[in-house]
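Letter by letter, the chains look like this.
Protein chains: 2
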Amino acid sequence: MTPSNQTTRFLGSLRAVRRFSDRAIADPVLRDILEAGRRTGSSKNTQPWQIVVVRDREMLKRLSELGGFAGYIAAAQVDIVLVMDSANNAFDCGRLAERLMLAAWTHGIGSNIASLFPDENARKAKELLGIPDGRWVRQTVAFGYPADEKATRVSSTPGMGALMPLGRKPLGEFVSWEHYGKRA
Amino acid sequence: MTPSNQTTRFLGSLRAVRRFSDRAIADPVLRDILEAGRRTGSSKNTQPWQIVVVRDREMLKRLSELGGFAGYIAAAQVDIVLVMDSANNAFDCGRLAERLMLAAWTHGIGSNIASLFPDENARKAKELLGIPDGRWVRQTVAFGYPADEKATRVSSTPGMGALMPLGRKPLGEFVSWEHYGKRA
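In order, the protein sequence lines correspond to chains A and B.
First residue of the first sequence: 1, per the working numbering; consecutive thereafter.
First residue of the second sequence: 1, per the working numbering; consecutive thereafter.
For reference, chain A alone in the conformation it holds in the complex:
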């Protein structure tokens, strides 16, 4: 067993992509991504989710107007709307999103999570897609092949670089050992 293996390097290589090419995602590839997502674990295996797969260009444009930084959905090939049983399932929703994004990434397909925000926008999305009132919708994941080599860099998306810090905290600021704040 190698300490650092190919698959953990793959997991660590996932980057948000917000600029997509117009290359279509083939049906068998989409199905493969959905299949990996379907198998995601959840609290007591309740699988408290449904997903709505949106490829219709007009609907993608409408969804792109329902989040503060969701404009890129308009140019995505697919947007997956995550529909949860209740707001208490946010943790499981995150597991599902991460799984779907990694599965897409194995095919070279980039993705990004958009929040439908504020609540009024989430309500509009539910109305557009016929999602029952009782269900909880907040996140969607947009998918597409990266527009170019720079598309995995936040700084290449107009306006995004200034909005968020780049990179990740080092292990020394992320991990405590045995007691909170006890660094290695």
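One or more of the hints may lead you astray.
Copies of the same chain look alike in the list, so a pair counts if it fits in one copy or across any two.
To be verified - Derived DSS-like pairs (lysine-lysine); straight-line CA-CA distance at most 30 Å:
no.	residue 1	residue 2
1	K124	K150
2	K61	K124
3	K124	K169
4	K150	K182
5	K61	K150
6	K182	K124
7	K150	K169
8	K169	K182
9	K150	K44
Since the hints were made in silico from the structure, they are not lab data.
Chain A is fixed; fit chain B onto it per the hints.
Okay, now just chain B, sitting in the frame of chain A:
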């Protein structure tokens, strides 16, 4: 590009493991898992998390008493306590947990999520580990090599099989196309 590739099959193969062997997790392997976790994406790249890595057997036993079905933590090699900035970060917490579990799985290491529940138990865990009041703690992930070949089956854990449905919903009950409830 193959429609179903080796890595998506790997992603779909993750199973919850609640019965662990006493084989230690080597430091470089643990570090590799943490490194993959460290790189997890989050809302606006806020990285709203800290983790506490627990290997002390006495502390593992104490944590195992702080959840409804957390008993297996007592026999884990490592328990990672997920410390979030606030309850609003539950979605990102789920992304981090999924990433850590998949990274461990690449090394053949099983894991399971336990909820520290009710709130009083989460409070106790924070006290034991010195986690500041203002932080949000609900989930931990316990890690260890599977005890045996059957350890990936829910039904092999005493009492668990009766608690939850086995298997996953088929795609036809999980996916809507373009409109909620519109099946393929």
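Tested hints:
no.	hint	verdict
1	K124 / K150	neither (33 Å within a copy, 46 Å between copies)
2	K61 / K124	within (13 Å within a copy, 48 Å between copies)
3	K124 / K169	between (36 Å within a copy, 28 Å between copies)
4	K150 / K182	neither (38 Å within a copy, 37 Å between copies)
5	K61 / K150	within (24 Å within a copy, 48 Å between copies)
6	K182 / K124	between (46 Å within a copy, 19 Å between copies)
7	K150 / K169	within (22 Å within a copy, 38 Å between copies)
8	K169 / K182	within (16 Å within a copy, 42 Å between copies)
9	K150 / K44	between (41 Å within a copy, 19 Å between copies)
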